[in-house]
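Enquirer: The lines below spell out each chain.
Number of protein chains: 6
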Amino acid sequence: MTNPVSRFPVTELEDLPDDLRERIGAIAEKSGFTPNIFRALGHRPAELRAFLDYHDALMERDGGLTKAERELVVVATSGANHCTYCIVAHGAILRIRAKDPELSDQVATNPWQVELDERGRAIVDLALALSRDSALFGEGDLAMAREAGLTEDEIWDVGAITALFAMSNRLAHLTALKPNPEFYLMGRQKR
Amino acid sequence: MTNPVSRFPVTELEDLPDDLRERIGAIAEKSGFTPNIFRALGHRPAELRAFLDYHDALMERDGGLTKAERELVVVATSGANHCTYCIVAHGAILRIRAKDPELSDQVATNPWQVELDERGRAIVDLALALSRDSALFGEGDLAMAREAGLTEDEIWDVGAITALFAMSNRLAHLTALKPNPEFYLMGRQKR
Amino acid sequence: MTNPVSRFPVTELEDLPDDLRERIGAIAEKSGFTPNIFRALGHRPAELRAFLDYHDALMERDGGLTKAERELVVVATSGANHCTYCIVAHGAILRIRAKDPELSDQVATNPWQVELDERGRAIVDLALALSRDSALFGEGDLAMAREAGLTEDEIWDVGAITALFAMSNRLAHLTALKPNPEFYLMGRQKR
Amino acid sequence: MTNPVSRFPVTELEDLPDDLRERIGAIAEKSGFTPNIFRALGHRPAELRAFLDYHDALMERDGGLTKAERELVVVATSGANHCTYCIVAHGAILRIRAKDPELSDQVATNPWQVELDERGRAIVDLALALSRDSALFGEGDLAMAREAGLTEDEIWDVGAITALFAMSNRLAHLTALKPNPEFYLMGRQKR
Amino acid sequence: MTNPVSRFPVTELEDLPDDLRERIGAIAEKSGFTPNIFRALGHRPAELRAFLDYHDALMERDGGLTKAERELVVVATSGANHCTYCIVAHGAILRIRAKDPELSDQVATNPWQVELDERGRAIVDLALALSRDSALFGEGDLAMAREAGLTEDEIWDVGAITALFAMSNRLAHLTALKPNPEFYLMGRQKR
Amino acid sequence: MTNPVSRFPVTELEDLPDDLRERIGAIAEKSGFTPNIFRALGHRPAELRAFLDYHDALMERDGGLTKAERELVVVATSGANHCTYCIVAHGAILRIRAKDPELSDQVATNPWQVELDERGRAIVDLALALSRDSALFGEGDLAMAREAGLTEDEIWDVGAITALFAMSNRLAHLTALKPNPEFYLMGRQKR
Chain A
1 MTNPVSRFPV
11 TELEDLPDDL
21 RERIGAIAEK
31 SGFTPNIFRA
41 LGHRPAELRA
51 FLDYHDALME
61 RDGGLTKAER
71 ELVVVATSGA
81 NHCTYCIVAH
91 GAILRIRAKD
101 PELSDQVATN
111 PWQVELDERG
121 RAIVDLALAL
131 SRDSALFGEG
141 DLAMAREAGL
151 TEDEIWDVGA
161 ITALFAMSNR
171 LAHLTALKPN
181 PEFYLMGRQK
191 R
Chain B
1 MTNPVSRFPV
11 TELEDLPDDL
21 RERIGAIAEK
31 SGFTPNIFRA
41 LGHRPAELRA
51 FLDYHDALME
61 RDGGLTKAER
71 ELVVVATSGA
81 NHCTYCIVAH
91 GAILRIRAKD
101 PELSDQVATN
111 PWQVELDERG
121 RAIVDLALAL
131 SRDSALFGEG
141 DLAMAREAGL
151 TEDEIWDVGA
161 ITALFAMSNR
171 LAHLTALKPN
181 PEFYLMGRQK
191 R
Chain C
1 MTNPVSRFPV
11 TELEDLPDDL
21 RERIGAIAEK
31 SGFTPNIFRA
41 LGHRPAELRA
51 FLDYHDALME
61 RDGGLTKAER
71 ELVVVATSGA
81 NHCTYCIVAH
91 GAILRIRAKD
101 PELSDQVATN
111 PWQVELDERG
121 RAIVDLALAL
131 SRDSALFGEG
141 DLAMAREAGL
151 TEDEIWDVGA
161 ITALFAMSNR
171 LAHLTALKPN
181 PEFYLMGRQK
191 R
Chain D
1 MTNPVSRFPV
11 TELEDLPDDL
21 RERIGAIAEK
31 SGFTPNIFRA
41 LGHRPAELRA
51 FLDYHDALME
61 RDGGLTKAER
71 ELVVVATSGA
81 NHCTYCIVAH
91 GAILRIRAKD
101 PELSDQVATN
111 PWQVELDERG
121 RAIVDLALAL
131 SRDSALFGEG
141 DLAMAREAGL
151 TEDEIWDVGA
161 ITALFAMSNR
171 LAHLTALKPN
181 PEFYLMGRQK
191 R
Chain E
1 MTNPVSRFPV
11 TELEDLPDDL
21 RERIGAIAEK
31 SGFTPNIFRA
41 LGHRPAELRA
51 FLDYHDALME
61 RDGGLTKAER
71 ELVVVATSGA
81 NHCTYCIVAH
91 GAILRIRAKD
101 PELSDQVATN
111 PWQVELDERG
121 RAIVDLALAL
131 SRDSALFGEG
141 DLAMAREAGL
151 TEDEIWDVGA
161 ITALFAMSNR
171 LAHLTALKPN
181 PEFYLMGRQK
191 R
Chain F
1 MTNPVSRFPV
11 TELEDLPDDL
21 RERIGAIAEK
31 SGFTPNIFRA
41 LGHRPAELRA
51 FLDYHDALME
61 RDGGLTKAER
71 ELVVVATSGA
81 NHCTYCIVAH
91 GAILRIRAKD
101 PELSDQVATN
111 PWQVELDERG
121 RAIVDLALAL
131 SRDSALFGEG
141 DLAMAREAGL
151 TEDEIWDVGA
161 ITALFAMSNR
171 LAHLTALKPN
181 PEFYLMGRQK
191 R
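Residue numbers (my numbering), protein chains in the order written: chain A, 1 to 191; chain B, 1 to 191; chain C, 1 to 191; chain D, 1 to 191; chain E, 1 to 191; chain F, 1 to 191.
Simulated from the structure, these hints should not be mistaken for laboratory data.
A hint or two may mislead.
A pair holds if it fits inside one copy or across any two, identical chains being indistinguishable in the list.
Straight-line C-alpha distance at most 20 Å; calculated EDC-like pairs for lysine to aspartate or glutamate [unchecked claim]: (1) Lys99 / Glu182; (2) Lys30 / Asp53; (3) Lys178 / Asp141.
Nothing here was measured: the structure is a model prediction, and the numbers come from that model.
Whole structure, please, built from the sequences with the hints as guidance.
Expert: So this is what it looks like as structure tokens:
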């Protein structure tokens, strides 16, 4: 039987180095489960550490994009890249952050045409331009983002998150990473 | 006039936080110049720090792929992604590591058909499969790598370096990053 | 404000010709709501009638593919075509038919690599080959389906359902068809 | 030897159910031969019936697009989809309807750049946008059609015919359907 | 009104330099008309001369591929490149050389799947591999051609003719070159 | 061992027919070596002769584009086509003609976004439009070139050079042509 989580060795929380066990443990406690991405990267602690640092630097940053907007970038580019793990896991987070049970499925299945307000559309268009055929990315893409009112700092955020998930999507494809079952249902009920 | 290095603010060595100034300073001393990627990421120290950590975890790792093979992955995928900065900068390093003044240009201009030995070809094919249309990446790609003798650990290295430079390429496209002039000539003369 | 269901006129159940009102009414009663595709096609009764006939001839047919397998073809090809309505609506039906709360999201987000048994993989591969770049469809695609044990009749079913949803996907894109909110949650809880 | 008409069983006129024999018989009498698409679909009478109904609802509809314009949509999208049967058969009909012996070959070989009047160009551009990468189809495509004077009803016709032939093209590719020899020469002489 | 033959100046037979007037004149006499490609290239005599020389060196060469096979390469690659002039003009020649009124339309509309004998299929596959995404062209393509019995000399012919029409197709697209009306009907009647 | 220069027979200078030996000899004397393209085409003297004539008619033409601009077209389109030989050989010539040691690598690795002045950008955009997906080439591409001040004659030059190297790139891919080692270093030092 194939490994149910990753094509490569999986590391459980208790087998991680102290700093990572503490850090991932805090996430697991808050979520109620350990997201599989951490179990799949755990056999390379230095890479997992850098991954977490990069993730937090961009996704937990104060100011600029809202947290829902950061997740919007993740779900849109992961949808365009057909990354099941990132869509299911971050789709759950986007549903919660945006308090909208339908948005994630709409963004993930067709990021190019999902109906968004002007600012949301500009964020997604910028992210898709850099994500997909990045050799063509140019001044015109930046100009459209600026016209929609995005600041230079927000443009960097969109671009850097897009870049980070270009990496994450490929790590998930490399490992055939399975989403935790809990993600599928999170945030689907309006409260 | 447009900024000659990046579309976003550039940070000089002396304006970096202490730990980064020391770390980048050591690189600059060894190279004789500060690679522009560090000047372009410096306005976001937490991101630069994570970038350096991730880079070192994969590119300076002991065992598995040789250093030249790691650079081969970078130049092949950056070539397929049309990333000028990464091709010029890492093309220089590959020339030096592989002690071959022609290899980098051949890999960067056509990674799909450049003549390589069986192991080199397997490394590049694996990297290209994950880099370009990663939704199609599957067991067949891994099987071909294993047949060519790559270990699971080496396969991870190829995949993770490919993923890291999927990110780097997009950061360079986001910033329209200019290669330092020194890179163009490095390693071009056989010694 | 834009129309929340379709870019074109929407027809309510009570405004349909008698035969269609009865037919759609029966579906609505069973589902608890009128699927929006019928409201969007209703202004062209002759087209809606032919659509229903074609749909029933293929999706309600006895023998050959199971009903879950028929929905698998729909979700896989609609996923590859990025059709939000068809993914959300038929994703719900697939969850119910396959009694699997995770399968639809996995198929829709990455039909090329979702883990399926041999027969399921053959069905999806055949459907994707015909759906996406159908000019290349040839004997090799049929040979792989036959090797996996599909009969000629089953191959026709896969091909004809793929063709029907090549049409449906485009009707949904033409109208920017919104999925009914009920679909998002159907079949997500294991019973 | 392979079947000269279809990869699947072919049904002759006399073996069809009564209603279909009568209906196809009338077409055969008018044309002088039975178009192969009907022989190839005949082993699935319910599907053939729905196909005919859908076809007639769109291609024989009064008002809106002219009959030549309807065929223009078919030949343009079938050309983009490389569907030999539909190009040869409907190319013949377009030559006759448009009273132009050269138009079909020009449209089929390069629908993107064939010289047409403004209305014809708008029809073909709309059809190609929906036919090829329909996930990107959006308000901009509709706006251009409206600017060229197409009514909402005409836009629906273009879109629905495009959708119908997205299906037909795939049925022809599934069956490797051969055009009847008579089609090749029809309408090639100016009268 | 736009020029009916080319976007650029057109040169009539009598205005060509002596050597070209004689050479094109002989072709015109044999065909009954001056093919428009010569009128469109005539304003650059040195280029027209080299074009004719290259064309004759490859298309009139003794030995190796038959003349019909040479035209098969032209129609297949021009079909894949959507070049109206080359398809219509060389489609006429292929009909005559192959004594087959249907072959050209079948090859031009879908070169990937048109039914051909083994040798014909090998020729067309080799031509398409080099024509479309030539960066991927490699030893595998040559191996398949050799397995089908093509000699090294014949492989060169296929490759060089493909290359020549990669150029011709682009000249026709540059000029929006119109096919002469005579081409459309040539060779359509079996004799 | 495979042939280090071409997959097909290579002809040395002294084995060429007189006129070609003289002509290539003059180039070899000036360069200090015989460019491999001539050795690879030499086994087909009529084709080599036409190739040289076409090349000289376009690349040595007086008036219109400067010689550096002609090489810019070659390097940009060869970069987009991933043609190692043409990039390395003409990259060398462009460095010399443009007196710029960095330009060629920048153009070859990303012709779509390399920073150029308005005229240079218009030349490269026109060349890329015709080179890559030439079926879409149309009036809009010409209009942009004219707006940037290109004359009709210069537009022809750009288009015809692009067409010529669509051929050359494919000949190099057919033969797996190796660049002469001398090209790699030419023009890399500012004088």
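Enquirer: The structure should be examined with respect to each hint, and the outcome stated for every one.
Expert: Hints, one by one, checked against the model:
1. Proximity of Lys99 to Glu182 under the C-alpha cut-off of 20 Å is found in both arrangements, the shortest distances being 18 Å within a copy and 17 Å between copies.
2. For the homomeric pair Lys30 and Asp53, the shortest alpha-carbon distance inside one copy (18 Å) is at most 20 Å, but the shortest distance between copies (27 Å) is not.
3. Taking identical chains as interchangeable, the C-alpha atoms of Lys178 and Asp141 lie at most 20 Å apart only when they sit on different chains, with a minimum of 19 Å there against 34 Å within one chain.
Of the numbered hints given earlier, the model fails none.
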